[in-house]
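Let chain X serve as the given structure and place chain R on it in line with the hints.
One-letter residues, chain by chain:
Protein chains: 2
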Amino acid sequence: MAALYVALIHGPVLNKRGDRITTATTGLSVHDIARATATFGGAGFFLVTPLTSQQALVERMTRHWQYGSGAGYNPNRKVALEFVQWADTLQTAVAQVQQAEGQMPQLVATSAKPVANVPAVEYAELGQQLAAEDGLPTLLLLGTGWGLPADTMVQMDAVLPPIFGASDYNHLSVRSAAAIILDRLRGK
Amino acid sequence: MAALYVALIHGPVLNKRGDRITTATTGLSVHDIARATATFGGAGFFLVTPLTSQQALVERMTRHWQYGSGAGYNPNRKVALEFVQWADTLQTAVAQVQQAEGQMPQLVATSAKPVANVPAVEYAELGQQLAAEDGLPTLLLLGTGWGLPADTMVQMDAVLPPIFGASDYNHLSVRSAAAIILDRLRGK
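First to last, the sequence lines map onto chains X and R. Remember, my numbering sits 226 above the position in the first sequence when you count from 1. Remember, my numbering sits 226 above the position in the second sequence when you count from 1.
One thing to keep in mind: the hints can contain errors.
All copies of an identical chain are treated as equivalent in the list; a pair is satisfied when it fits inside any one copy or across any two copies.
What the hints assert, rightly or not - Simulated crosslink set (SDA-like; lysine to any residue; CA at most 20 Å straight-line):
(1) Lys339 - His397
(2) Lys414 - Ala350
(3) Lys242 - Tyr395
(4) Lys414 - His397
(5) Lys414 - Gly353
Derived by calculation from the structure, the hints in this document are not laboratory data. The model shown is predicted, which means the values in this text are computed figures rather than measured ones.
With the rest of the complex left out, here is chain X:
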């Protein structure tokens, strides 16, 4: 089984008007995506933010649930929060995966809108790659705000199609999208 990592990108991302911004870390996103990472056999979950105050917040949260009073209160959170670490940039997260896995990960983005200039990969196809013994380590990128900027998108090896249901509304939260994507790739 290939190693699957998740990166939640807080910066740089786009805002509503298409400006480059850094979004704030949301405590529930850290928990929800860490718990989904643990459930679906992920190898790690990066919060990518250039803000030192936000990096410190992530450290405080993980310490509370790993070593503080949270660890005794809810051991399931302890397990999930062990997957969490911060990285100042996407490049740092990629380098950390490379160091842990001994090879460069493939970078796969997700997007609520179709992306023209990046090869598309279907969920079933990527799921099969990940299930293979010799599958490449994979870093799955989730954007916050209004999504990943074009200069991040062009670095991707592949992009997964937007998630659609029974309507043409597809404005899921990043927490919901992360859960569905991991289930489509690795659910039983």
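Relative to chain X, chain R alone:
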């Protein structure tokens, strides 16, 4: 296509020790599950809580995004929040679905643990029922806290199996579970 409703049960539910409690409403749960309901063609989303203060909170949130400054700022939230309403008990939610649909809904629970005394239904099977033109209206129950009490469970017509991924850890947030369940039932 059968009408699919979601109910997030805040009370009565169980706490860690198995006592009956009422949990607090979480703003992000309202948003995340409303957006997933909209994405997957749901007909409505009930927050079930006996607490009038919490019912008022739900009303304030929906008003802000439907008619307040939120409606102009983010019209996608407006669409999603239109699906949201509170009910004081499960019985009230069931009665409201019955009134809207002209017949009693089937009640389907979800659970992180196997449930012995309720008929199991597979995701694919329920998905087919929901896709049928003459499919029964269905109310999907999501528990908060440590899950639904036994006297709620025995009222169910069916229960969906727990969600497992690539590990034996299955402690998803209710937001993640809701997203995955709706995708499994109605995703494209």
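Hint-by-hint comparison with the structure:
no.: 1; hint: Lys339 - His397; in the structure: within (10 Å within a copy, 30 Å between copies)
no.: 2; hint: Lys414 - Ala350; in the structure: both (13 Å within a copy, 12 Å between copies)
no.: 3; hint: Lys242 - Tyr395; in the structure: within (17 Å within a copy, 37 Å between copies)
no.: 4; hint: Lys414 - His397; in the structure: between (25 Å within a copy, 15 Å between copies)
no.: 5; hint: Lys414 - Gly353; in the structure: both (11 Å within a copy, 16 Å between copies)
Consistency note: the structure conflicts with none of the earlier hints.
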